[in-house]
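Chain residues, written in single-letter form:
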Amino acid sequence: MAAPDSTLQPAAPLSAPPAARRFGWLGDRGLAALFISPALGLLLFLSVFPLLWALYLSFTDYSVTRDVPAQWIWFENYVDLLTSDQVHQRAVTTAVYVIGAVGLQTVLGFTIAYLISRRARGRGLMTTLFLTPMMLSPVVVGLFWKFMLDAQFGVVNSFLNTLGLGSVEWLTNQRLALLSVIVVDTWQWTPFIMLIALAGLTAVPRYLYEAAEIDRASEWFRFRRITLPLVWPLLLIAVLFRAIEAFRLFDLVYILTNGGPGVATETLSFHVYKTAFLGFDTGRASAYGILMVIVVIVMAQLYLRYLNRLQGR
Amino acid sequence: MGEISIEGLQKRFPDGTLAVEHLDLAIGEGELFVMLGPSGCGKTTTLRCIAGLERHTAGHIRIGGDLVDDLRPSERDIAMVFQFYALYPHMTARENIAFPLRAEGLRDADVGDRVAEAARMLRLEGLLDRRPGRLSGGEQQRVALARAMVRHPRAFLMDEPLTNLDAELRADMRAELKHLQQRLGTTMVYVTHDQVEAMALGHRIAIMREGRLEQLGTPLEVYDRPATLFCARFIGSPPMNLVDVELTNGALTGPGGLAIEPPAGLVRGVRLVAGLRPEALDVTDPGAEGTVAGRVVSEEMLGDEVIYVIETGGTDLHVRMPPTTHYGSEAPVGIRHAGGPPPVYDPGTEQVVA
Amino acid sequence: MAVRVEDAVPVEATARSAAPPPGRRRSLRSVVEIVLLAVLLVVMLFPVVWMLETSLKEGRDVYAVPAKLLGFDVTFDHYKDVFVQRGGTGASDLAVSFQNSVLVAGLSTIIATVLGVPAAWAYSRFTLKAKRDQLFFILSTRFMPPVVVVIPIFLMYRDLSLIDTKLGLILIYSAFNLPFTIWMMKGFVDEVPSEYEDAAMLDGYSRFEAFHRFTLPLLVPGIAATAVFALIFSWNEFVFAVFLTSSEEARTAPPAIAGLIGGTTIDWGLVAASAMVFAVPVLLFAFLVRKHLVAGVTLGAVRR
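Protein chains in written order, with our numbering: chain A, 1 to 313; chain B, 1 to 354; chain C, 1 to 304.
Please keep in mind that the hints were generated in silico from the structure rather than gathered at the bench.
Remember, it's a predicted structure, so these values are computed and weren't measured experimentally.
Be aware that one or more of the hints could be misleading.
Said to hold, decoys possible - Pulled from the structure, derived: some chain B residues nowhere near chain A, Cβ distances all over 10 Å:
#1 55
#2 80
#3 104
#4 227
#5 286
Said to hold, decoys possible - Covered by chain B, according to a simulated footprint, are these stretches of chain A (three or more residues, beta-carbon under 8 Å):
#6 204-210
#7 224-238
Stated by the list, open to error - Not the full set, but computed from the structure, chain A residues with beta-carbon under 10 Å of chain B:
#8 85
#9 87
#10 216
Note that CB positions come from ideal geometry on N, CA and C, so glycine has one too.
Let's have the full structure, built from the sequences with the hints guiding it.
Below you can see the structure in the form of structure tokens.
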């Protein structure tokens, strides 16, 4: 039997330095309040309050230029807007744009993601390169493409001419302008879909494919029954997100076509801008904006609910 | 039909690592063949080569007599159960089991019949409409088994299928697997790092280490006469006591003067290591006939047996005793070797010499 | 709160790539795939390359028809014009706007981070009343069309004399980045086990100090990534900048660069050079946080 080591002393109890009790009196609830209130405060002040003010303005005929106090006109603005042919036209333009652009981006983005996922090497580099368009400011993108699609000096037309196909008025032709906006938006945001689709694709574990291969599933069968169903949820999130963003779009239209030619590329956002800052009809523009906000809220709710369901499963 | 022969198998990965080095195995038709070893020993790589998921760099593999070296996994008529079950999370159990049949384009009626048959054998009726996320580990495992069975392949390949289950579930599933294999009579190649599983399941066990075969034999052979020190340490719980012994005057002496019956054919004058199984040793009162002095270091009362660690001559020995024995901690005891001649090893080559 | 990719694509074990096993015969299919990928890559990168070339071309080459892909003289005049006043010395207007961008983006990021990180931590650690709804609400504010929000903000700022000031922009950008900061940081905080704080509190530290001394240092990489994204968002922002500022001393780069295309003749060389100078920092920063890109661009909703 070994004798107990007499040189061993129990260690001195560890104690926290005096400052360790700082803010201890706050308690958890107090601390939570302290940490959250400034953030919520700023948000309420600069995000929520303005919307409420816009709501208020939407019921008036306020104009930012006239010095006459605003008159309360109830739902007159809303009725005007909802029955206006102009608004309907912008709504159609926006719908065409959103569906066209997001649809195209999804197909392209998924394709690129699929192609990259099939390569074993160089994925990191390729992904980074493909992401470049997305990281640029919409202003920069708009300028790049405005130059490239210029009917006279644009490199696109230059290529077409060398191929003998003749110049195309990308941004100045009524029917082509919207298409051009869709193409440019697709160019910028395809990487977004690609990024998320790639994340989904690479998350599918290899052994699922191996099991399927042993079970004699053909390539197409595997794609349809394993890849697609497993990547689809994530893809949907990306698509919903893009749809909301596309709906809000303003920068690109402003730079690329300024709504033109005529009003061919005027989206709802752009029309709101015109009503407010060129038409100075603040009250009406506010109502217009509120209508857009309602649509966005519905879309965002869908998005968030789906996000939550994904998490909950 | 389902016999598998592996000749000179070698697998070298592109980065240079040699996972399997010249392996020869002959697995019989209807045999439950276990490949056992620590991680990195090459057992899983070998299994994947048999499956066709990895391309071996040298050697040949035959299944049912057919050379399969250049065949894709889908062409080898084998089924595999993965460590993580590989169940498709978005499909119900029924759809998972039916998947291989649908991939082959079987008619709906036939699919239904076969799925029902597999479900019946594995007691999955009632669970068929659940998704894997709503099934317990054991249930998922049975679904994975059913999916493998439903094709009536000529061989099953199992990659540590029970590793992810709870301990008690593992014992149940082990028995079920063994029973299933006997009923089906299909060749099964089973990979595991758990020696209890290997002993319980296998008709024969292949112990592997660092890409090479250490020993091939029935569970009893591997237990009674491990071919190398590695196998001796690997099989058995508590592990075999490996003690330095001396051969003097025809008698083998272990630590503390422990007398051991020497096996035939031992050479004098070389350093030797003997493998003493815990159940071959006896703990009694100190001073009893034929014992040497020892001291209890620890005593584990397990209910059906007592495991002692006895210190004698500077070495700790594990001893297995009946549950009624009791000697307190630090108690002086007598210890003797009561079994027959143990396997003796050359510590340099690590091979058994007698 | 955030969706992890593994939850959306439910798996048990660590993911391994879906690439086909190597070593099989190089099939026609592989070749087609590689060619397709290369073509798409060219299409994606060409505009950037083209603008780079344009920024380096002499005036006449910029407007050359047919367009010159190669074989032009390189000049840095356009880049000089970005920074230096034409025909004189002193910083150009564009240079001032770049400075403003740096200031506004930097300060708004700092504010958003200082406010957002503690809030994110609180949301992660504590169960609060209607927490999920609160978080959803916070994220919703980020989805509001800026054109709509700008109208009342414009009026508010007019009353508060914040129109055409850098401070005004800083404030709105901070508010604009806050939801993202909170969502993204919350994800990072979720990944730091709360056991660290529990252990500290058992040792006598208050909850605040546990957060301050133990959790915060572990959050630094997450904070850095989040801050970079907030920087990128603020840097690229256009709508608020163009409507809330007008003078040279307050406006940031995006409206200033956009302003170059007003007027009768457009100096595309200068536009190209300004756009390149504007874009490069972002690309650099994006490369730095490439590991968190999925989380960043989905506003912290999807994590890898």
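We went through each hint and held it up to the structure:
1. The Cβ of residue 55 of chain B lies farther than 10 Å from every Cβ of chain A, with a closest approach of about 13 Å, so its non-interface assignment holds.
2. Its beta-carbon lying about 5 Å from the closest one in chain A, residue 80 of chain B breaks the requirement of being farther than 10 Å from that chain.
3. Remark: the non-interface label on residue 104 of chain B conflicts with the geometry, its nearest Cβ contact in chain A lying 6 Å away (cut-off 10 Å).
4. The claim that residue 227 of chain B is not at the interface with chain A holds, since no C-beta of that chain comes within 10 Å of its own (minimum 33 Å).
5. Non-interface status of residue 286 of chain B relative to chain A is upheld: no Cβ of that chain comes within 10 Å, the nearest being about 16 Å off.
6. For the segment 204-210 of chain A, the stated coverage by chain B is satisfied: 4 residues place a CB nearer than 8 Å to a CB of that chain, which reaches the threshold of 3.
7. With a threshold of 8 Å between beta carbons, the proposed coverage of the segment 224-238 of chain A by chain B holds, since 4 of its residues qualify and at least three are required.
8. Evaluation of the residue 85 of chain A hint against chain B yields a violated restraint, the C-beta minimum of about 46 Å exceeding 10 Å.
9. The closest approach between the C-beta of residue 87 of chain A and any C-beta of chain B is roughly 42 Å, which is over the 10 Å cut-off, so the hint fails.
10. Because the smallest distance between the Cβ of residue 216 of chain A and any Cβ of chain B comes to about 4 Å, under 10 Å, the interface hint for this residue holds.
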